[in-house]
Amino acid sequence: MERDTTVMTGYNYGELCDDLLVETLSRLPVKSLMRLRCVSRSWFSLVKDPKFICKHLTRGDHNRLMVYNQYFIDTYPVDDFVVVPDNTMTDLHFQNFEAAETRNYILLGPYEGIMCLSEKWNRNKINVWNISMNEYRILPEPPRPRNGVSGSRPSNTVIFCCNFAVGLDPMSNDFKLVLIQTLHDERGISSINDCLPNVAVYNFSTNSWRHVEEGLFPMGCYLGDEAMNNVYHNGFCYWVATTETPCNYVAILSFSMSEEVFQEMRGPRVPTITEVNGFEYWTIGLHDDYLSLLHVEESRRSFGLWMMKGGFWTKHLSFGPFIEWYHPDGFWRNGEFILESYGGAGDCRLVLYDSNHDEIREFGITGVWFSVRILKESLITVRE
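Heads up: the sequence shown begins at 1 in the UniProt record's numbering, then just goes up one per residue.
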């Protein structure tokens with residue numbers, strides 16, 4: 001007969017589930033954990049515990065690289081999702097990402113393993129999909145923008161783009177989805193900067209939205225496209241933001257999942273580089289479990305890696321110069337970074353740079369542009 005165990009916080013699940021067991025289980029893929037949760041009530045509770053889910057996400061032993069690629073066939077643009085099945089990156093070949101019928105949706109993510117699907121013709125219709133667990137949920141519509149309140153925005157606005165983030169509220173132990181809708185005055189009277197975004201927070205456990213007041217969003221700071229330049233870390237979500245006026249530092253927008261408030265924080269001071277055809281000069285991510293920025297140096301052929309330690313930005317390493325121009329697309333792990341060559345006219349290439357061995361490896365894929373995402377195996381349940 002199974003011994004009844006009391007579920008406690010901090011992974012104290014009785015004699016059976018000690019620290020060694022937690023560490024061992026956190027290394028397993030989601031499918032194995034789904035089977036093993038049937039072993040006992042304590043294992044079932046462990047796999048559903050938000051702290052264990054975060055530990056499993058942070059380890060990232062089974063992360064895979066997902067790439068959104070746009071290229072041309074004759075004169076027709078083609079959008080493609082591909083995945084590198086080998087998570088060790090020993091074999092860099094791609095395979096097509098098999099998904100359900102998504103023709104009428106804009107796919108954004110994944111965020112902590114959760115894909116967000118927004119209808120093309122109604123951006124307020126949002127679905128979430130846990131790829132690893134193959135769970136799907138249709139969300140209730142988020143709160144509408146509040147027109148005319150404290151002079152927040154022109155009344156005749158439409159949704160220009162949506163940005164999302166998923167993370168744990170460490171105070172309530174609930175997972176939340178953050179939605180930032182950048183608005184646009186369809187009459188062309190006001191710029192994007194004049195229209196404060198519509199922000200709402202969705203709680204997975206209560207299946208409900210909460211509107212975030214406009215005054216809590218930093219003025220002069222906005223997210224101008226549906227990019228993946230964001231990361232969740234220790235109860236906060238971070239985005240690289242665009243500022244209304246040029247500045248000599250990287251602007252970062254942070255959001256506390258517990259207090260549900262925004263703050264604009266200054267990134268490292270870096271030289272201002274003249275924009276070239278949408279060329280992006282930095283990407284945000286985690287390196288050695290620190291909030292980090294990978295930035296193109298002024299020569300456009302070298303990179304600097306900055307890490308936030310003790311409340312200050314510190315330059316951790318520099319690498320380059322390279323013969324070609326590259327810009328950063330994403331962080332991988334163990335000092336590896338995804339870079340995109342600036343070839344122009346559909347001749348961009350994706351490469352993996354290993355800073356430990358100063359080695360570049362080609363993925364063997366070309367296109368007009370790429371968006372790199374990390375597909376995490378996630379235990380966050382989205383089933384209603």
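None of these hints come from the bench; they were simulated from the model. Since we're looking at a predicted model, the values are computed, not measured. One thing to keep in mind: the hints can contain errors.
Each pair of labels, with its calculated beta carbon distance range [claimed, not checked]:
{"hint": "1", "residue 1": "F312", "residue 2": "T24", "range": "35 to 45 Å"}
{"hint": "2", "residue 1": "D288", "residue 2": "T24", "range": "34 to 44 Å"}
{"hint": "3", "residue 1": "R144", "residue 2": "G364", "range": "16 to 26 Å"}
Below, in silico cross-link-like pairs of lysine-lysine (DSBU-like), each with a Cα-Cα straight-line distance of 30 Å or less [what the hints assert, rightly or not]:
{"hint": "4", "residue 1": "K309", "residue 2": "K125"}
{"hint": "5", "residue 1": "K55", "residue 2": "K315"}
{"hint": "6", "residue 1": "K125", "residue 2": "K48"}
{"hint": "7", "residue 1": "K51", "residue 2": "K31"}
{"hint": "8", "residue 1": "K31", "residue 2": "K48"}
{"hint": "9", "residue 1": "K309", "residue 2": "K51"}
{"hint": "10", "residue 1": "K31", "residue 2": "K55"}
Cβ atoms here follow ideal geometry from the backbone N, Cα and C, with glycine treated the same way.
Hints versus structure:
The given range of 35 to 45 Å is respected by F312 and T24, whose C-beta atoms sit roughly 36 Å from each other. A C-beta distance of roughly 23 Å is found between D288 and T24, which places it outside the suggested range of 34 to 44 Å. Checking the proposed 16 to 26 Å range against R144 and G364 shows it is violated: the Cβ atoms sit about 46 Å from each other. Taking the CA atoms of K309 and K125, the gap is near 39 Å; set against the 30 Å cutoff, the hint is violated.
Pair hint K55 plus K315 holds up; C-alpha atoms about 27 Å apart against a cutoff of 30 Å. At roughly 28 Å between alpha-carbon atoms, K125 and K48 fall within 30 Å of each other, so this suggested pair holds. Under the criterion of a C-alpha separation no larger than 30 Å, the hint pairing K51 with K31 is consistent with the structure, at around 19 Å. As the CA atoms of K31 and K48 are separated by approximately 14 Å, the hinted pair is consistent with the 30 Å bound.
For the hint linking K309 to K51, the alpha-carbon distance of about 23 Å falls within 30 Å, and the restraint holds. This hinted pair checks out: K31 and K55 have alpha carbons roughly 16 Å apart, not beyond 30 Å.
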